Structures are given as structure tokens and as C-alpha cells.
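S.K.: One letter stands for each residue in the lines below.
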Amino acid sequence: MILVETFLLALRCLMRNKLRSFLTMLGIIIGVGSVIAMVAIGEGAKARVRDAFASMGNNMIMVFPGSTSVGGVQGGAGSMPSLTWADLEAIRNEVSAVRYVSPILRSQAQIVSETANWSTGIQGVSPEYLDIRAWKVTSGTPFTSSEVDANAKVALLGTTVVEKLFGANEDPVGSTIRIRNVPFLITGVLERKGQSPNGQDYDDALLIPFSTFQSRIQSGMRGRIPGGLVVSAQSDDLTSTAERQMRALLRERHQLTGTQDDDFQIRNLAELAAAQQEGTETMTTLLAVVALISLLIGGIGIMNIMLVSVTERTREVGIRMAVGAHPWHVMLQFLVEALTLSLLGGLVGLAVGTGVAQRLSLQFGWPLVIRADIVITSLVSSALVGVVFGLYPAHKASRLNPIEALRYE
Amino acid sequence: MTAVMEVRNVHRVFRMGDEELHALDDVSLSFGKGELCAVMGTSGSGKSTLMNILGCLDAPTSGTYLLDGKDVTHVSRTTSADLRNRFIGFIFQNFQLLPRTTSVEQVELPLIYAGLSRKARRTRAVDALTRVGLGNRLDHHPNQLSGGQQQRVAIARALVTQPQVILADEPTGNLDSRTSQDITALLQELHTQGMTVLLVTHDPEMKRYVNRVISMKDGKVESDVTQQAEPIRRAEAA
Numbered sequence: 001m002i003l004v005e006t007f008l009l010a011l012r013c014l015m016r017n018k019l020r021s022f023l024t025m026l027g028i029i030i031g032v033g034s035v036i037a038m039v040a041i042g043e044g045a046k047a048r049v050r051d052a053f054a055s056m057g058n059n060m061i062m063v064f065p066g067s068t069s070v071g072g073v074q075g076g077a078g079s080m081p082s083l084t085w086a087d088l089e090a091i092r093n094e095v096s097a098v099r100y101v102s103p104i105l106r107s108q109a110q111i112v113s114e115t116a117n118w119s120t121g122i123q124g125v126s127p128e129y130l131d132i133r134a135w136k137v138t139s140g141t142p143f144t145s146s147e148v149d150a151n152a153k154v155a156l157l158g159t160t161v162v163e164k165l166f167g168a169n170e171d172p173v174g175s176t177i178r179i180r181n182v183p184f185l186i187t188g189v190l191e192r193k194g195q196s197p198n199g200q201d202y203d204d205a206l207l208i209p210f211s212t213f214q215s216r217i218q219s220g221m222r223g224r225i226p227g228g229l230v231v232s233a234q235s236d237d238l239t240s241t242a243e244r245q246m247r248a249l250l251r252e253r254h255q256l257t258g259t260q261d262d263d264f265q266i267r268n269l270a271e272l273a274a275a276q277q278e279g280t281e282t283m284t285t286l287l288a289v290v291a292l293i294s295l296l297i298g299g300i301g302i303m304n305i306m307l308v309s310v311t312e313r314t315r316e317v318g319i320r321m322a323v324g325a326h327p328w329h330v331m332l333q334f335l336v337e338a339l340t341l342s343l344l345g346g347l348v349g350l351a352v353g354t355g356v357a358q359r360l361s362l363q364f365g366w367p368l369v370i371r372a373d374i375v376i377t378s379l380v381s382s383a384l385v386g387v388v389f390g391l392y393p394a395h396k397a398s399r400l401n402p403i404e405a406l407r408y409e
Numbered sequence: 410m411t412a413v414m415e416v417r418n419v420h421r422v423f424r425m426g427d428e429e430l431h432a433l434d435d436v437s438l439s440f441g442k443g444e445l446c447a448v449m450g451t452s453g454s455g456k457s458t459l460m461n462i463l464g465c466l467d468a469p470t471s472g473t474y475l476l477d478g479k480d481v482t483h484v485s486r487t488t489s490a491d492l493r494n495r496f497i498g499f500i501f502q503n504f505q506l507l508p509r510t511t512s513v514e515q516v517e518l519p520l521i522y523a524g525l526s527r528k529a530r531r532t533r534a535v536d537a538l539t540r541v542g543l544g545n546r547l548d549h550h551p552n553q554l555s556g557g558q559q560q561r562v563a564i565a566r567a568l569v570t571q572p573q574v575i576l577a578d579e580p581t582g583n584l585d586s587r588t589s590q591d592i593t594a595l596l597q598e599l600h601t602q603g604m605t606v607l608l609v610t611h612d613p614e615m616k617r618y619v620n621r622v623i624s625m626k627d628g629k630v631e632s633d634v635t636q637q638a639e640p641i642r643r644a645e646a647a
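Order-wise, the sequence lines are chains P and U. The numbers in our numbering rise by one with no breaks, and the one at position 78 of the first sequence is 78. The numbers in our numbering rise by one with no breaks, and the one at position 184 of the second sequence is 593.
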């Protein structure tokens, strides 16, 4: 009863000084608005990074051959094809933290269909490659290990290659293409994967069995894997274990002693992703702290204006006390007023922050992430700011001596 | 008959630095039901301090105050607020109305703190305003009303709780003589309806219209005279 009255009264008092109320709320609006926007931006960036790494593959680790160093001239990654097929088998059989392993053999070649031609990267891989990359076949079927064993001339096409050779809406499964004059049967089309984080088109790809690659495309170095290996760990928390186990195994197999450098490179993509996400997280936290400080400043603004309000309305307080207001009625009145200011500011800030986040997510193509816990936290903290900073002025009002308050000019 | 208000050997001492000011010096008074009493005296005679104590706005330094037969000398701020709400209606020299608030809302104010429902409040407030002749000024703000009308809104606010006591502190001090007569007539009317009306004034004219005159000087009661009140006709009848 009294509570409802008090709330309505507070609203009316705030409406009387619209500009003042708005300016007072502005601090809270900016505070909450920036908390919401900053967290949404941070989360959006994080989601983007996560998606980007997820599109690369499942808990993926890449193993590259080492580099040559002749007379101080470094040959670059892959210049020394140190990885062998025996290494691959050893990893597959001995490293417990590894689920899948596939070789990657690479070559650029001109591909010719009946009507068009296109130059793209050809990759010779094992059937597990699709599991490692989490890459589905949308039309047709992936190749099998028996096709690998038989050096079958079959190919899986990325959507970009399909578009270039056959047209956007054509299903090329069953057609034949020629790679370096060798006819290949198209057995499947790969799901669209989009771009890599650095803008490379994943869908401009053509997969063939590594055995076929060796016999038809590769020249020489039959015992080596010049391209490298891609490996999938058993689970996302086993990527560093897998990395460690593989390093130990390869060093042992390559007979490297204590001080010698690795003659191969291992790149743990899952860990890279985690590190990058952690970076954005730190940013988000920092920005949120800055925003919370502005919330605090908003609170000081509320306290300031409430103190002014109490002084201005000293006589009103005197009148209310004379006709029977309890001290806590007076306290409640001012407290509710401060709370209304801060909570209203919080709600407006929420709307503004969401609006800003939405605009930015549209602009940068991020997913819009409004975290419920952040919304609740910022609303609760703005309410808390209202109560904490309203408490002193409200207490001051409730302690007024009615006789003096009535005499106040 | 028990007194509505009774003070026994009341002292009120204000300390100002090293000096002690005896605003009330051993005052004992008793007010019965339905009295219309004027408290006279120069400024500094202690009449306002007496009013504040009788109105539960201030507590005596020593002595006892009985309101409606109960000792209320030392009560909490909350209890004194309840006592003011239930037993006492205040009328002030400068009206003490809330700015930017309609007449009917002014009069509803004590009823809010009494815990009445919105509907009951409205009915009683309109009723009280009609009694003081302002039934047609319900939604006016104070700045849209004349001084006499403002004081009548204040009187409506004082009587809306049906208190036993009306304490009027220089109720006509800010009004012209014609309007003063109006207000005094209204106070007389309340008295005839059974309320105890106490008015503080230094206007000797007022003496004629009350049935008891208390004169104060230097914090003491100088004289206490009971008489026949002279009725005034309300010039601006409702």
C-alpha cells in the first residue's frame, strides 16, 4: 500500500524534473550500455574466432616436415621432407591421444571438364581426412579405404571447383574430369566450408586418395610425405598430450638426441584457438571493468542529485512528518526515487547497449551475443548503485527535525 | 473529565554554546475536550515551543506530557508521527502546502500515512474540502489559490483525519482582516463540532472569539482566563 504510493510519488517527482532526471540517469545509461555493448562485442569476436577454428577441423594438429639449412640458407617449411609413411603408421598405431591421422600431398594442377577448366590445389588424402576436418559430403559418397588401396581415380570436389567447372547448381557426381590428362570420376561434392581466418577459400579444393596422388600426380619421393600430416586428437583436452606424444615419437624415430632441433614442426590449432579466445576474453573483461567504473560514476551523480533534492524538499519533508510520515516513509520515498533513477537508467542502457551491439554485429558480420548473466548483473548492479548511493541522502532526509524542516526557506 | 492534553511541570531548555535558554519554565496546563483556546504572547515568550511539544514535534527537557490520558513524553520518532497523524491537525501561518500538488492531494496526504485506501482517501478529502467551502477547487494547485483559500486547504488537511486537537500557529498571520475573520469563523465551527482548538497568536483581536486565553511571558504562564466566546458570522459562507 504505502510502497505503491511511494513508488508513484517517486515517479511523479522524477517526471517533474525531466531533464535533471535524464541527465542523472545518463551516467547509468552509459555505464550499463557500454557493459552490454562491450561484452556483446567481445563475445561476438570470440564466437567468430571459435567458428573460424572450428571450420578448420576437429581438435586438429598439423605436422609439417622440417626445413633444410645449407650453408646458413634456411630452406623453409617442407624443404626437407623428413616425414615418412612409416612415421604416419607409427603415429596411427602408437600415439594413444590421436584418433585420426591423414597425409596431405599437395599439388597445383589444371583440371578440365567437358565445358570448362580451372586451376586448383589438389590434395591427396586418406578417408580419415574428412573426419579430421569435420567436412561432410553433401552429394555422392566419400572415398573408401578400398578405393585408396586400389589407387582408384576418384575425386571429391569443393563447391568453388564445382561452380567453375560445371556451374553453380549442377550436380557433377558421376561426371568425369581430367587432371593432367588422367580421367577421374567425381564421386562426391564437399559441403561448403567458407573462408579460412586469413581469407583463403576452403571450397576451392579437390581431394583424391593419397595413393592415386602418389601414382598419378607426384613425381619421386615415394617413401616420403612432402606435404605433411593432419592429425585429430581424441578430444579437445588431449590436443597438447597428442602433440607431446607425437613430438617424442618422431624425435625417437628420427634419432634426434637431446640438443638437436626437431626436423619437423607441429602446429596445434586447438591450442592456438584457445589462446586467441583467451586474448579476446581478457579484452572483454577489461572493457567491462571500465564500464563498471562508469556505472560507479553514475552512482555518484545520483547521490549528488539526491542530496540536492533532499535539500530542495526539506520543507516538504517537514510537512510530511507533521501530518504523520514515519522517518522510514521519508527514507523509502527518497530511496525509491534513487532506485527508480538507477533502474530506469539501467533499462535504457540495456536497450541502448543492445542496439549498439546489434549494429556492430551487423556491420562486422558477428553473431549477436547478449549474455543473460551480463544483463542480469548489470541491472542488479545499477539497482545496487541506486540503493547504495541513495542510502545516504535518504537517511539524511529521514533524520531531519520536523520543526526545523518546516521553517526551512 | 480527562483532559485531552495535559502538560505537567514542563521545562524546555535550549543550549546555545555555553548559554542555556529556558523556552519553557515549569509550565503546567490542561486542555479539555472542545475548548477553543488562544495562546498569546510576544515572540520568545515560549508559545511556539509549547505548541511544538503539544504537537509531538518536540519533547520537553523535563516534565510530563499526557495526550489523551497517555504519557507521551518520551516516545520514538515513529510513535510521535503516529500520534500526530491520529490525534492532531496542524495549521501553520504560511499554510505549508506542497508545491505543484492539487488541493485534494494535499488533503489526502495524512490519510496516505494513516493507511487508507485510495477510494476512501478521495471521498474523505473531497468531503473535508467541501466543509471548508472549497468543493469547487479540488484540482487547483496552491499557486492558483488565494491566501485564504490556501489556508482553508490546510484546515481541510488538518481536519480530514478527524483529530481531537487542532493546533493553529498564527493561522491568520499572513491574511488580510476580512479573510482572517473567515478563517477564525471556520476554527470556531470546528470547535463547536467538538474539536479542541488551540491557536497561537499575537493578534489581540483574536481574544474576543475564544473561550480561553492563555498569556505567556518568558517561558511561564502569565495568565489563564476562561470567558464567553463572541461568535463571528462567516462572511464568505460556503
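The hints are simulated quantities; they were obtained by calculation from the structure and are not laboratory data. Bear in mind that the values here come from a model prediction, so they are computed numbers and not experimental data. Some hints could be false.
[Unchecked claim] Residues from chain P that keep clear of chain U, each with C-beta distances beyond 12 Å, as calculated:
id, residue
1, 138
2, 141
3, 321
4, 327
5, 352
[As the list claims (entries may be wrong)] Some chain U residues near chain P, calculated using beta-carbon distances under 8 Å:
id, residue
6, 461
7, 466
8, 468
9, 487
10, 490
11, 499
12, 501
13, 505
14, 507
15, 509
16, 518
17, 529
18, 531
19, 554
20, 566
Every residue, glycine too, gets a C-beta built ideally from N, C-alpha and C.
S.K.: None of the hints should be skipped; say for each whether it holds.
M.R.: Now for the hints, and whether the structure bears them out:
For residue 138 of chain P, the requirement that its beta carbon stay farther than 12 Å from each beta carbon of chain U is met, with the minimum near 67 Å. With a closest Cβ-Cβ approach of about 76 Å to chain U, residue 141 of chain P is found to remain outside the 12 Å limit, as its non-interface label requires. Not every CB of chain U is more than 12 Å from the CB of residue 321 of chain P (nearest about 6 Å), against its label as outside the interface. With a minimum CB-CB distance of about 5 Å to chain U, residue 327 of chain P fails to clear the 12 Å threshold, and the non-interface call is violated.
Against chain U, the non-interface label of residue 352 of chain P holds: every CB pair exceeds 12 Å, the least being about 31 Å. With a cut of 8 Å, the hint placing residue 461 of chain U at the interface with chain P holds, because the nearest CB-to-CB distance is about 6 Å. Given hint, residue 466 of chain U at the interface with chain P, holds; its Cβ is 5 Å from that chain's nearest Cβ, closer than 8 Å. The beta carbon of residue 468 of chain U comes no nearer than 11 Å to any beta carbon in chain P, farther than 8 Å, and the hint placing it at the interface is violated.
At about 5 Å, the closest approach between the beta carbon of residue 487 of chain U and any beta carbon in chain P falls short of 8 Å, and the interface hint on this residue holds. Annotation: residue 490 of chain U was flagged as interfacial toward chain P, and the flag holds, the nearest CB pair being 5 Å apart, inside 8 Å. Proximity of residue 499 of chain U to chain P holds as hinted, the smallest CB-CB distance being about 5 Å (cut-off 8 Å). Checking residue 501 of chain U against chain P: minimum C-beta separation of about 7 Å stays under 8 Å; hint holds.
Checking residue 505 of chain U against chain P: minimum C-beta separation of about 5 Å stays under 8 Å; hint holds. Residue-level restraint check for residue 507 of chain U holds (minimum Cβ-Cβ distance to chain P is 6 Å; threshold 8 Å). Below 8 Å, beta-carbon pairs count as interface contacts, and residue 509 of chain U has one with chain P at about 7 Å; its hint therefore holds. The restraint placing residue 518 of chain U at the interface with chain P holds, with a minimum CB-CB distance near 5 Å, inside the 8 Å limit.
Taken as an interface hint, residue 529 of chain U does not check out: its beta carbon lies about 12 Å from the nearest beta carbon of chain P, beyond 8 Å. The restraint placing residue 531 of chain U at the interface with chain P is violated, with a minimum CB-CB distance near 13 Å, outside the 8 Å limit. With its C-beta approaching chain P no nearer than about 16 Å, residue 554 of chain U sits outside the 8 Å limit, and its interface hint is violated. Taken as an interface hint, residue 566 of chain U checks out: its beta carbon lies about 7 Å from the nearest beta carbon of chain P, inside 8 Å.
Against the hints set out earlier in the document, violations occur for numbers 3, 4, 8, 17, 18, 19.
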